[in-house]
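Trainee: In the order they appear, the protein sequences are chains A and B.
Just so we're aligned: 103 in my numbering is position 103 of the first sequence, and the numbers increase by one with no gaps anywhere.
Just so we're aligned: 174 in my numbering is position 174 of the second sequence, and the numbers increase by one with no gaps anywhere.
Don't read these hints as lab results, they were simulated from the structure.
Values in this document were obtained by computation on a predicted structure and should not be read as measured data.
One thing to keep in mind: the hints can contain errors.
To be verified - So the derived list for chain B, only partly shown, Cβ under 7 Å to chain A, looks like this:
hint, residue
1, Asp91
2, Ala94
3, Arg97
4, Gln106
5, Asp107
6, Arg109
7, Pro112
8, Val125
9, Leu126
10, Leu214
Claimed, not checked - In silico DSS-like cross-links for lysine-lysine, where the CA-CA straight-line distance does not exceed 30 Å:
hint, chain 1, residue 1, chain 2, residue 2
11, A, Lys7, B, Lys100
12, B, Lys53, A, Lys302
13, A, Lys8, B, Lys27
14, B, Lys53, A, Lys8
15, A, Lys302, B, Lys224
16, A, Lys7, B, Lys69
17, A, Lys64, A, Lys324
18, A, Lys324, B, Lys142
19, A, Lys316, A, Lys388
20, B, Lys100, A, Lys316
21, B, Lys69, A, Lys388
22, B, Lys69, A, Lys316
23, B, Lys142, A, Lys316
24, A, Lys388, B, Lys100
25, A, Lys180, A, Lys133
26, A, Lys102, A, Lys187
A virtual CB, placed ideally from N, CA and C, is assigned to each residue, including glycine.
Residues per chain are reported as follows:
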Amino acid sequence: MLNSLLKKLIKTASGRTRFVMAIIGMSVALLLILSAVQIQIDYDDLLYSKTNQDSIANFLVVNKILNNKTYGTATFKEEDLNKLKQQNFIEDVGILTPSRFKASIQSYSDRFPFYTDISFESVPAAFIDVNSKDWKWKEGDNFIPMIAPNMFLDIYNFQFSLSQNLPQLTQDIVKMIVFKVNINTDKGSVSFNGKIVGFSDRISSLLVPQEFNDWANQHFSNTQNAKPSRVVIRTKDPGNPALVQYLKDNGLTTDADKTRFSKYRQIVNAIVNVSWITGAVMLLFALLVFTLFIQLTIASCKEEIQLLITLGASPKQLQRFLMKQFFPSNIIIIIISLIAITVLQFEAHQLLQEQNIFVSTFTSYYTFATAFVILLVLWFVNYRTIRKYIAVQDK
Amino acid sequence: MQLFLFLICIFDTMQIELKQIVPIPLKDKFSQRNSDVWNQTVLFQHGEWIKIKAPSGTGKTTFIHTLYKLRHDYSGQVFYDDQEIKNISGDALAQIRQQKISVVFQDLRLFPNLTARENIELKRVLQSPFYDAAIIDEMAAKLGVANILNQRAGLCSYGEQQRIAIIRALIQPFEWLFLDEPFSHLDHENISKASALIAEECSKRKAGFILTDLDEDAHFNYSKYLQL
């Protein structure tokens, strides 16, 4: 009852256009800010979620670009490695050690004969994604476990076996085959038994345990302590533009496919930044207009408010009444913006799904949280303005 | 403890004390004549019906406004109980105006765009209501303004507005009622109706009032007469 009487006395109708402008500005501002948050979250989702990420994503094999200029010097010096380790986007650096001796593998079976010259590489165990209890070697062991790239098996199954009229092999079958490993050098020759214990996409060469490679290099190689020519790095985000820039600046190269997100990421970053900065500036101006509107309303009802206070209306009652007049519009704006974002997100989900890009169907919690924080800010600004101008009338 | 304080608030009814009040704009004028109020220490005890008689231009309205804390341009002090009113403001002052002090201004101060009923109703619901809404009709009937209750206050005659202002003051709880020439535009018959209603409402609340007027009168059984 009191409110309906106050509504007759304190007319909020004056300056309607200003109010509508403030409301529209605020809606657009909110839409921009909330979309910025949602786009950022969708993109992070794409980068880091399980459906969009595989094991190769975090490990990059890096080598110096080999061309006429770098010919013969495309190796990593100590300071190159230290510099790599110091970059904050690189979490760990592992040296790929190539074998420096002649080796071959051959089949024991007559039914499935094969023979090939081969070379190995080794890498510290922390960089290997195959869990096998057989992955170990110590001096005196006759058995050498190996990890082969999936690509090797694919080449065999889908090209080689067809051309040679050989049976196709599954990973499990390959893991059962024991073959002979020969090392033949002028320092001597020795034979071992070898077996594939796992397949990996991470490093595209035939891997043996570091211990074996070090031992064999020491015993059978003519060149001692050769500098590494390839390293493997672990990074949180291979799409990080800083990483890509660093590689470029230092004449390094890697599997370009793994860093392809970098370009998209820069675009998304730009969109997100423009969106939220514009949104923030607009929100600021909208708030200013809204504040002015409140001020104007109170000023235009100055006499009524003064008489109300004279008759015993408390500043608190008047503040509560004015909050009820102004604040609900803010809540409505926020709700409408959230609905719009939710609809857009759903549309984006449908649209991107056709291109095999998976973003969430629903608006993120972070977007709702942001909306809530903005609502608190709006409440605070409303409250402060009303309080301030009622206090002026009370003097 | 809180209940105790609450009981004190209810039973410890308010008294008003003036200490050497002199309105600054009228200072020279008052220094030349004797007054029972200006520049005196005066205590208005709870339940007293006080008549303050004063010729035109001696500061009746200034006095009422000073007591009601509408103006601050005076020397001296006014106390509600033992609290100086210059120290009461905002919500605390509103609380006193809703519960303890009601007023009929000389210039009435109705909202011209609200109806007579709405003007009264506003004061009724400003705090938790003391009376039901039906009492408005009862009082309006007693004062002969029932027919204009739904008329905009701005369109009512001054005499009608005066009676609406009186009803508005009586619809709320109070311990003190300030009346600033409340009958200036009423005829004898209406004055006796209005004073009867005021006396009835004050007795009902065991409330006191302070009435200012130009002349002597016998509308009430005053307990104290003062010359301004």
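Trainee: Against this structure, judge whether each hint is valid.
Mentor: A quick look at each hint next to the structure:
1. Asp91: holds, 5 Å
2. Ala94: holds, 3 Å
3. Arg97: Nearest chain A Cβ about 3 Å off; hint holds.
4. Gln106: violated, 13 Å
5. Asp107: violated, 11 Å
6. Arg109: holds, 6 Å
7. Pro112: violated, 10 Å
8. Val125: holds, 5 Å
9. Leu126: Holds. Min distance 6 Å.
10. Leu214: violated, 24 Å
11. Lys7(A) x Lys100(B): holds, 26 Å
12. Lys53(B) x Lys302(A): Violated - the C-alpha atoms of Lys302(A) and Lys53(B) are around 34 Å apart, more than 30 Å.
13. Lys8(A) x Lys27(B): Status violated; Cα separation ~42 Å.
14. Lys53(B) x Lys8(A): Measuring from Cα to Cα gives roughly 39 Å; hence the hint is violated.
15. Lys302(A) x Lys224(B): violated, 39 Å
16. Lys7(A) x Lys69(B): holds, 27 Å
17. Lys64(A) x Lys324(A): violated, 67 Å
18. Lys324(A) x Lys142(B): Since the Cα atoms of Lys324(A) and Lys142(B) sit roughly 38 Å apart, the hinted pair is violated (cutoff 30 Å).
19. Lys316(A) x Lys388(A): Satisfied, since the Cα-Cα distance of roughly 12 Å is no more than 30 Å.
20. Lys100(B) x Lys316(A): holds, 18 Å
21. Lys69(B) x Lys388(A): holds, 21 Å
22. Lys69(B) x Lys316(A): holds, 19 Å
23. Lys142(B) x Lys316(A): The hint is violated at about 35 Å.
24. Lys388(A) x Lys100(B): holds, 27 Å
25. Lys180(A) x Lys133(A): Between Lys180(A) and Lys133(A) the Cα gap is close to 21 Å, so the pair holds against 30 Å.
26. Lys102(A) x Lys187(A): Holds, at about 11 Å.
Checked against the numbered hints listed earlier, the structure breaks hints 4, 5, 7, 10, 12, 13, 14, 15, 17, 18, 23; every other hint is satisfied.
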